[in-house]
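Peer 1: Sequences listed follow chains A and B, in order. Everything in the first sequence is counted per the working numbering, starting at 1 for the first residue and increasing by one. Everything in the second sequence is counted per the working numbering, starting at 1 for the first residue and increasing by one.
If you are wondering where the hints come from, they were derived from the structure by calculation, not from laboratory data. Nothing here was measured: the structure is a model prediction, and the numbers come from that model. Using N, Cα and C, we set each Cβ at its ideal position, and we do this for glycine too. Heads up, a few of these hints could be off.
Unchecked claim - Okay, the calculated beta carbon distance ranges per label pair:
(1) B:F65 <-> A:V120: 28 to 38 Å
(2) A:F32 <-> B:R7: 41 to 51 Å
(3) A:A155 <-> B:F65: 17 to 27 Å
(4) A:A155 <-> B:R127: 44 to 54 Å
(5) B:R151 <-> A:A155: 41 to 51 Å
(6) B:A26 <-> A:L21: 22 to 32 Å
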Amino acid sequence: MSLTPQALTRLAVLGVLAVILQVAAVSQLTLFGTTADIVPLVVAAVGLLSGSVVGAVFGFGVGLFVDTALFQIMGLSSLVYLVVGYGSGRLRELRDPQAPIVPVIVGAVATAVATIGFGVMNFLLGMNAPVSFLLVRHILATIVLNALLALPLFALVRRWLLPVLPDDPRRRRRRAYTTGGLSPLSRA
Amino acid sequence: MYDKTIRRRRAVLALLVVSSLILVTAYFGESAGSPLHTVQRGIISIVSPIQEGAGRALKPFRDLFSWIGDTLDAKGELKEVRRERDAWKARAIALQAQERQNRQLRGLLGLDDSPSDVDDYGPVSARVIGRSSQLWYVQLVIDKGSSAGIRPDLPVVASDGTANGSGLVGKVEAVTRGSSIVRLITDREMAVAARNVGGTASGDLMPKAGDPRLLTLEYAEKDAAVSVGDPIVTAGTVSSRKDLRSLYPPDIPIGRVTRIEDPGSETQQILVKPYVNLRRVEFVRVLTRPYAESE
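Chain A extracted, bound-state conformation:
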C-alpha cells in the first residue's frame, strides 16, 4: 500500500479514533474481570491489510499517541506496537492467509505480544514485580476478550481502509485461487 495523502489521512483518523475510544470508553468496561484493548487489534488489522512497512509506521505512530495521551514513558508503546504492526504485515507478505479465522488468531497473538512486550519492557526498565498467577490470568483473559473482538474490528478496519487498499482482499483471494500468486512480492 503506497502512502498517498488519502491513505495517510484515513490511517491517522483510524489511529486517533482507536486510541480515544480505548482511553475514553473501552478501558472503562470490565468483562470477565478484565478490560479489552482494541489498540493492538487495530494495529494488527492495519498490518494484515496493508503490509509490514505501513503496519510498522502505523504501530509506531499509534504507540506514540498512546504514550502521550496517557502520560506514559514515551517510545515504549511505539516499540511494542511497531513490532505488532510489522509482524502482522510480514504475515500477509509471506503467507497472505485468507481463512476467516485469521483475524482472530492474529488478534490474539497481537494482544499477547503487546501485553507480554509491555511486561518485558517494564522489567528491563527496573520494575521489580514478579509474574504472579493473577497477572497471567489477567493477560490470558485480555487475550481471550480481544480475540472475540478481533473479527468485527478487523471487518470495520477493512471497510474503512478499502478505498485506499491496493487490492480488494476478496479480489486478491480470487486471483490467488486462479493464478497461484499468493504473495504480493511475487507480483513485484
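Knowing the structure of chain A, use the given hints to seat chain B on it.
Peer 2: Only chain B this time, still in chain A's reference frame:
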C-alpha cells in the same frame, strides 16, 4: 527491485526501532519539566477535551455494559456481602460505644478541633475522562487542571459508589490547564505513609508485587499489633520542614487488612485491599489544601 523493497523495509524498521529506543532513553532520564514532558503536557491539553466529549457520548454504552457486568457480579457477591454485613453490624455497635468514649476523651484533651472529613482540605471534584487499561500503568485522566487550583502531588480521594468504597486513590502526577493525570495507589512508584486506625502499626503502603489489586504495609514492626480487618488510614506525618511532611492529610481511609503472611517474623507481610474499587471510579476529589490541619 525485490532487493530494493527488502532494503527499504529493513531501513524503515531499523529507523523506527532506533527512534523508539532513543525516545525511551531520553524520556527515562528526563526531569518533569524537560522538553518531552512539556510536549506530552501540550498534547494532553489538546486531547483531553476530545476525550471528555467522547467519554460523555459513550457513557450510555458504558452504563449498559456495566449494568450487565454488575448483574452477573452481584449474584456471586450476594452471599459474601450478607456475611460481611453481619460482621460490620456487630462491629458498628462496638464502634458506636467506642466513638462515644473517644469523643469524651478528645474533649478532655482539647483535640476536638481536628478536621472530621475531607471538606476541610479544599476538595475539588472532577470527572474521570480516561484511564490506562494496561496492567503496567495505573493512571486516570480527570477533567480539572491548574485552572481549578490543582497542582502536582495533591492527594486524590474517591468513592466507587459502594457502602464502604471511599478513600484515598492516589495523587496528582501532572497537570495541564484543563486536565490532570492521577497516579493511583496501586502504581509501583507510589508509597503512602500509613498506619492502622489504632495506631499500633505504621509503615509505607506500597503495591504488592505481582498483584496490582493489593497493597502491602512495608516497614511495619514485626511485633506490631495488627489484625485482619483493621482499617488502614494515612499517617499524615507532620513536620515543620515542608520536604519531610507527608503529602497526605492524616486519617484518610485507604483500605483494610485482608491477610498477614508470616506474622511476627522479619518477613511479615501485611496485605491491604483498597476500599475503593479503582476500576469503578467515575468522579474524584482532589484535596487542594492537604495541610489545612497543620496551617
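Peer 1: Next, verify each hint and record whether it holds.
Peer 2: Each hint, compared with the structure:
{"no.": "1", "hint": "B:F65 <-> A:V120: 28 to 38 Å", "verdict": "holds, 31 Å"}
{"no.": "2", "hint": "A:F32 <-> B:R7: 41 to 51 Å", "verdict": "holds, 45 Å"}
{"no.": "3", "hint": "A:A155 <-> B:F65: 17 to 27 Å", "verdict": "holds, 21 Å"}
{"no.": "4", "hint": "A:A155 <-> B:R127: 44 to 54 Å", "verdict": "violated, 33 Å"}
{"no.": "5", "hint": "B:R151 <-> A:A155: 41 to 51 Å", "verdict": "holds, 46 Å"}
{"no.": "6", "hint": "B:A26 <-> A:L21: 22 to 32 Å", "verdict": "holds, 29 Å"}
Hint check: a violation occurs at hint 4 only; the rest are consistent with the structure.
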